[in-house]
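> Given next are the chains, with one letter for each unit.
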Amino acid sequence: MNYSGIPRWVYGLAAVGGLFVLLPLAAMVAKINWAQFIPLVTSESSLTALGLSIRTSAASTALCVVFGIPLALVLARRPFRGQRLLRAFVLLPLVLPPVVGGIALLYTFGRQGLLGKSLELAGIQIAFSTTAVVLAQTFVGLPFLVVSLEGALRTAGNRYEAVAATLGARPTTILRRVTVPMVLPGLASGAVLSFARSLGEFGATLTFAGSLQGVTRTLPLEIYLQRETDADAAVALSLVLVAVAVIVVGLSYRRPHRADIPAEAAA
Amino acid sequence: MSFHIDATVRARNLDVSLSLGPAETVAILGPNGAGKSTLLSVAAGLLRPDAGSARLGERVLFNLDGGSRVWTPPHLRGTALLAQEPLLFPHLSVLDNVAFGPRSAGASRAQSRETARHWLAEVDVAQLAERKPGQLSGGQAQRVAVARALAASPELLLLDEPMSALDIHAAPHLRRLLKRVLSGHRALIITHDVLDALMLADRVIVMEKGTIVEEGATREVFRRPRSQFAAGLAGLNLLAGTVTEDGLRTFATAGGASLAGGASLHVAGHLDDEAEPGQPGVAAFPPSAVSVFLDAAHGSPRNSFPVAITDLEPHGDHIRVRAGDLAADITPAASAELGLEPGSRVYFVVKATAVQVYAA
Numbered sequence: 004m005n006y007s008g009i010p011r012w013v014y015g016l017a018a019v020g021g022l023f024v025l026l027p028l029a030a031m032v033a034k035i036n037w038a039q040f041i042p043l044v045t046s047e048s049s050l051t052a053l054g055l056s057i058r059t060s061a062a063s064t065a066l067c068v069v070f071g072i073p074l075a076l077v078l079a080r081r082p083f084r085g086q087r088l089l090r091a092f093v094l095l096p097l098v099l100p101p102v103v104g105g106i107a108l109l110y111t112f113g114r115q116g117l118l119g120k121s122l123e124l125a126g127i128q129i130a131f132s133t134t135a136v137v138l139a140q141t142f143v144g145l146p147f148l149v150v151s152l153e154g155a156l157r158t159a160g161n162r163y164e165a166v167a168a169t170l171g172a173r174p175t176t177i178l179r180r181v182t183v184p185m186v187l188p189g190l191a192s193g194a195v196l197s198f199a200r201s202l203g204e205f206g207a208t209l210t211f212a213g214s215l216q217g218v219t220r221t222l223p224l225e226i227y228l229q230r231e232t233d234a235d236a237a238v239a240l241s242l243v244l245v246a247v248a249v250i251v252v253g254l255s256y257r258r259p260h261r262a263d264i265p266a267e268a269a270a
Numbered sequence: 060m061s062f063h064i065d066a067t068v069r070a071r072n073l074d075v076s077l078s079l080g081p082a083e084t085v086a087i088l089g090p091n092g093a094g095k096s097t098l099l100s101v102a103a104g105l106l107r108p109d110a111g112s113a114r115l116g117e118r119v120l121f122n123l124d125g126g127s128r129v130w131t132p133p134h135l136r137g138t139a140l141l142a143q144e145p146l147l148f149p150h151l152s153v154l155d156n157v158a159f160g161p162r163s164a165g166a167s168r169a170q171s172r173e174t175a176r177h178w179l180a181e182v183d184v185a186q187l188a189e190r191k192p193g194q195l196s197g198g199q200a201q202r203v204a205v206a207r208a209l210a211a212s213p214e215l216l217l218l219d220e221p222m223s224a225l226d227i228h229a230a231p232h233l234r235r236l237l238k239r240v241l242s243g244h245r246a247l248i249i250t251h252d253v254l255d256a257l258m259l260a261d262r263v264i265v266m267e268k269g270t271i272v273e274e275g276a277t278r279e280v281f282r283r284p285r286s287q288f289a290a291g292l293a294g295l296n297l298l299a300g301t302v303t304e305d306g307l308r309t310f311a312t313a314g315g316a317s318l319a320g321g322a323s324l325h326v327a328g329h330l331d332d333e334a335e336p337g338q339p340g341v342a343a344f345p346p347s348a349v350s351v352f353l354d355a356a357h358g359s360p361r362n363s364f365p366v367a368i369t370d371l372e373p374h375g376d377h378i379r380v381r382a383g384d385l386a387a388d389i390t391p392a393a394s395a396e397l398g399l400e401p402g403s404r405v406y407f408v409v410k411a412t413a414v415q416v417y418a419a
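Sequences listed follow chains R and G, in order.
In terms of the numbering used here, the first sequence opens at residue 4 and continues consecutively.
In terms of the numbering used here, the second sequence opens at residue 60 and continues consecutively.
Bear in mind the hints are in silico, worked out from the structure with no lab data behind them.
Among the hints, erroneous ones may be present.
Under the rule of at most 20 angstroms between Cα atoms (straight-line distance), these lysine to any residue pairs were calculated in the SDA-like manner [to be verified]:
#1 G:Lys238 to G:His228
#2 G:Lys191 to R:Leu50
#3 G:Lys191 to R:Leu187
#4 G:Lys191 to R:Arg179
#5 G:Lys191 to R:Arg180
#6 G:Lys191 to R:Pro188
#7 G:Lys410 to G:Ser347
#8 G:Lys191 to G:Glu214
#9 G:Lys238 to G:Ile227
#10 G:Lys191 to R:Arg162
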């Protein structure tokens with residue numbers, strides 16, 4: 004069966020859509036000053052920003068996994084009152100302008116914020132620190148992991164967990180040895196999306212964490228700053244960011260890891 | 060060391076009470092939606108009943124009656140469940156699937172694998188230990204699932220139609236295997252197959268609409284069924300009513316709406332020694348003893364039931380003529396000659412000597 008059932012004009016529109024994404028990237032690459040490329044991307048400020056971006060994104064991805072798995076489980080497994088509301092709030096950062104998220108975080112963890120006042124008394128300052136960068140990235144990255152994992156959990160169902168329980172496995176053992184391994188592909192793609200989103204985070208970071216070199220100035224902030232003074236550097240760094248994102252996403256999306264899940268579970 | 064359960068699940072209309080002795084295997088029979096799987100889920104702890112209690116040996120599985128409510132979670136019950144599908148964990152090897160139970164019970168990795176090898180050998184699939192479940196046939200996977208359930212050393216094994224998803228070649232193999240391994244185990248097995256019940260069970264329970272309608276020793280139930288469902292499995296027609304001197308007085312509802320004629324109908328038959336006139340009883344006769352006529356046949360001692368045909372279907376080298384719950388087996392030639400079709404009004408005629416009447 005090779006029949007696709009797709010009308011021809013669909014291919015035309017698909018091509019336009021694809022070009023819409025590819026063309027700007029090509030235009031950017033065309034503007035790159037290749038002679039200066041290596042010095043520009045290896046300058047001290049660039050390397051500092053890139054290192055900070057990767058470290059903070061890794062940390063926020065870890066936070067997303069730690070809190071995203073329980074959230075997805077709670078949303079996917081058993082209905083309860085207020086579940087739809089909880090899901091709506093968890094997904095809110097997907098549609099919220101990041102700068103609004105930054106302001107919200109500031110009023111929570113800032114000096115005069117809801118929790119910030121108490122934290123300040125305990126000698127902990129979060130706003131305008133590297134921790135703030137990680138929190139801002141986690142805030143915007145968490146929904147990607149939850150959405151992806153919740154879907155995987157719903158698809159897998161809980162029949163395997165029921166069998167595991169009757170075989171004598173405690174709930175924690177079931178989570179570790181059955182549930183998580185079975186939704187690993189969904190968890191992995193969710194984590195990659197969260198990482199990619201964290202890497203590109205700009206608005207919430209700038210609002211909540213500021214732009215201190217080496218402390219809170221991640222690669223997107225560095226690019227924005229350079230654009231004012233040195234367009235060549237901004238374009239070169241943009242390419243670096245695109246390359247990192249492509250590598251990360253490409254590595255995890257090589258092929259859907261569905262082969263291990265039996266047909267009835269994937270159906 | 061016995062198992063007793065008493066449970067009510069209102070949402071599914073379930074209300075049952077049953078006991079199992081040590082090392083006893085009981086088959087649960089019944090039409091779809093009778094509550095058989097619900098009963099197993101309640102026993103396994105996957106579904107919480109509205110009321111009732113259950114005990115497995117010394118252990119209280121649940122007790123929802125009275126003040127102090129007890130609920131033992133599934134993993135502490137010692138009731139392994141084997142479903143229609145093997146549900147082997149796809150990410151674990153066959154060996155680790157079978158080792159899952161012992162490992163969860165606290166055995167070391169080496170010990171639990173040792174136990175798993177023993178049970179894999181027991182179900183004749185030791186050579187598949189290193190494979191992933193995706194590389195097994197349906198029959199092999201279900202054998203591994205049996206080994207996995209037994210390796211958890213359950214005190215009660217719950218089997219929910221373990222043969223139904225297998226092809227006709229794999230099923231007999233698994234049935235033989237279950238016969239071997241179930242001896243010495245206490246088990247509840249849901250089945251739609253008379254052969255399963257006869258081969259595997261000491262006792263059968265027939266459920267209809269959430270309640271137990273019949274129970275007894277397997278052979279006895281199939282020899283003299285008292286419920287419509289068991290009679291169907293045993294290949295017998297069954298009419299319920301009141302025992303009389305020379306047969307049974309039955310009501311039109313007994314044979315479904317198709318038993319025309321209204322109020323009550325007398326069935327002439329051979330009374331069982333224990334059947335006393337006046338008590339509730341049933342009349343049973345095989346479809347092969349039934350002839351079909353277009354006109355009422357007269358002359359004693361015969362029964363002639365006016366019916367409307369609901370279905371015609373091939374049955375071996377005969378045609379099975381169904382009229383509600385009653386059936387007659389006739390030759391294709393006879394069927395053609397009579398011009399039978401669904402809706403035809405005919406008479407089912409059966410000799411009194413072919414009808415067994417016994418107490419219900």
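> Hints first: check each against the structure and report whether it holds.
Status of the hints after comparison with the structure:
1. G:Lys238 to G:His228: Given that 20 angstroms is the threshold and the Cα spacing comes to 17 angstroms, the pair holds.
2. G:Lys191 to R:Leu50: 45 angstroms, violated
3. G:Lys191 to R:Leu187: 17 angstroms, holds
4. G:Lys191 to R:Arg179: 19 angstroms, holds
5. G:Lys191 to R:Arg180: Holds, at about 16 angstroms.
6. G:Lys191 to R:Pro188: Judged against 20 angstroms, a Cα distance of about 17 angstroms means the pair holds.
7. G:Lys410 to G:Ser347: 11 angstroms, holds
8. G:Lys191 to G:Glu214: Violated - the C-alpha atoms of G:Glu214 and G:Lys191 are around 28 angstroms apart, more than 20 angstroms.
9. G:Lys238 to G:Ile227: 17 angstroms, holds
10. G:Lys191 to R:Arg162: The given pair, whose Cα atoms are some 19 angstroms apart, holds under the 20 angstroms limit.
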